[in-house]
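In terms of the UniProt record's numbering, the sequence shown opens at residue 1 and continues consecutively.
FYI, nobody ran anything at the bench for these hints, they're computed from the structure. It is possible that some hints are incorrect.
As the list claims (entries may be wrong) - Straight line, CA to CA, 20 Å or less: simulated PhoX-like cross-link-like pairs of lysine-lysine:
hint : residue 1 : residue 2
1    : Lys-45    : Lys-92
2    : Lys-78    : Lys-41
3    : Lys-37    : Lys-116
4    : Lys-31    : Lys-78
5    : Lys-78    : Lys-45
6    : Lys-31    : Lys-41
7    : Lys-278   : Lys-289
8    : Lys-98    : Lys-45
9    : Lys-98    : Lys-41
10   : Lys-92    : Lys-37
11   : Lys-92    : Lys-41
12   : Lys-116   : Lys-193
13   : Lys-37    : Lys-65
Just so we're clear, the structure is a prediction, and the values are computed from it rather than from any experiment.
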Amino acid sequence: TSQEQRESLLRLQATLHEELAQERSLQLDAKRLLQEKEVCKLLQKQVSHAGVHGTALECCRPASKRLTVAVAAALGPKASSLLVDSHALALKCIEYLKTARLGSCEFLPIETLRQKQLRGGGEDTEEEEGGTLLPPPPADALPPGCRWAVDCVSFEDRFRHVYQFLLSDCLIVPSLAVARELRFGRAHASVEKYRLVTLDGEKLQRGGVIAFDLGGLTGRLAARWEAQQQDRLLERVEKVREQLQALEHAETTTAERLQQRTAQFNLLHRQCVQLQAKARVWEEQAEEKQEKLHRMQTQLQELREREAARKQELTAKQQALDE
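All chains, please: the whole structure from these sequences, using the hints.
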């Protein structure tokens with residue numbers, strides 16, 4: 001009926017609007033990501049290549065794929081903050097951004113955060129994500145499947161102070177039901193200072209506020225990690241392909257050299273056979289000449305003997321005539 005067609009078209013229109021909104025969100029995120037990378041490269045080139053390390057998102061990765069959404073939710077907006085060596089370097093970067101009119105950027109100075117932890121840290125407002133330096137909670141206070149967020153990411157040891165600053169006040173839990181039990185149940189006292197994030201990205205803040213934005217920032221951050229993983233896999237595939245090409249080239253070069261050596265050997269073999277044939281001919285000719293020389297020497301000896309005999313005969317006749 002026309003009513004059913006109208007409802008079907010309305011559902012299709014809503015679906016298309018939703019897909020269009022998602023596509024626009026992805027395009028905006030891709031643009032932001034490109035801008036972040038360009039800013040980071042500029043700061044590395046113009047301020048300090050060794051002292052600017054990349055964003056908090058780029059410098060770590062989830063310990064396992066199932067933790068991707070949870071860690072993205074735990075990092076939140078600070079995932080785009082740049083890791084730099086020191087407070088002084090952060091000020092230089094800010095001055096460059098102001099001069100170049102490149103917009104705003106948050107910095108995480110590693111040395112400053114390290115000193116803050118050595119002093120015992122400090123606590124910020126209750127609803128702020130990160131910034132409260134807390135030790136890992138007692139293992140016996142947590143239900144199965146709950147983990148300290150710092151243990152859910154992999155990073156270089158030199159960045160440990162940064163991720164403890166960002167994540168030490170957060171626990172990753174299996175579900176929202178477990179989070180509510182931890183927040184409002186018997187174990188409340190032992191975990192009251194921690195933010196709680198579920199594997200699906202739901203966030204239960206210290207004050208009890210619940211948030212979920214898988215279609216927003218959390219989803220975009222998780223997608224970036226997956227894209228980075230794909231990029232790393234593509235890089236590995238490319239390296240393997242280059243190694244195979246190098247191996248094939250080496251094999252081809254070796255085969256060509258072997259072919260050249262074989263051709264040279266065959267040529268030398270033919271020349272050797274020819275020389276051996278000539279040597280046999282020369283030997284035969286030498287033998288013939290030797291035999292001929294022997295015959296001539298024999299004939300010469302006979303002629304000398306005949307000459308000597310005739311000389312004796314002439315001498316005898318001469319003596320007879322003289323008498």
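Consistency of the hints with the structure:
Using a Cα cut-off of 20 Å, the hinted pair Lys-45 and Lys-92 holds, with the two alpha carbons roughly 13 Å apart. Proximity of Lys-78 to Lys-41 is assessed by CA-CA distance (about 19 Å); at most 20 Å being required, the pair is judged to hold. About 28 Å separates the Cα atoms of Lys-37 and Lys-116, which puts this hinted pair outside 20 Å; it is violated. Restraint check for Lys-31 and Lys-78: satisfied, since their Cα atoms lie roughly 18 Å apart, inside the 20 Å limit.
Pair hint Lys-78 plus Lys-45 does not hold up; C-alpha atoms about 23 Å apart against a cutoff of 20 Å. The straight-line distance between the Cα atoms of Lys-31 and Lys-41 is roughly 15 Å, inside the 20 Å bound, and the hint therefore holds. Between Lys-278 and Lys-289 the CA atoms are separated by roughly 16 Å; this keeps the pair inside 20 Å, and the hint holds. With a CA separation close to 16 Å, the supplied pair Lys-98 and Lys-45 stays within the 20 Å bound.
Restraint check: the Cα-Cα separation between Lys-98 and Lys-41 comes to about 16 Å, which is no more than 20 Å; the hinted pair holds. A C-alpha spacing of about 18 Å is found between Lys-92 and Lys-37, which places the hinted pair at or below 20 Å, so the restraint holds. As the CA atoms of Lys-92 and Lys-41 are separated by approximately 15 Å, the hinted pair is consistent with the 20 Å bound. At most 20 Å may separate the alpha-carbon atoms for a hinted pair to count; Lys-116 and Lys-193 meet this at roughly 18 Å.
Straight-line distance between C-alpha atoms of Lys-37 and Lys-65 comes to about 24 Å, which puts the hinted pair past the 20 Å bound.
The structure shown violates the earlier hints numbered 3, 5 and 13.
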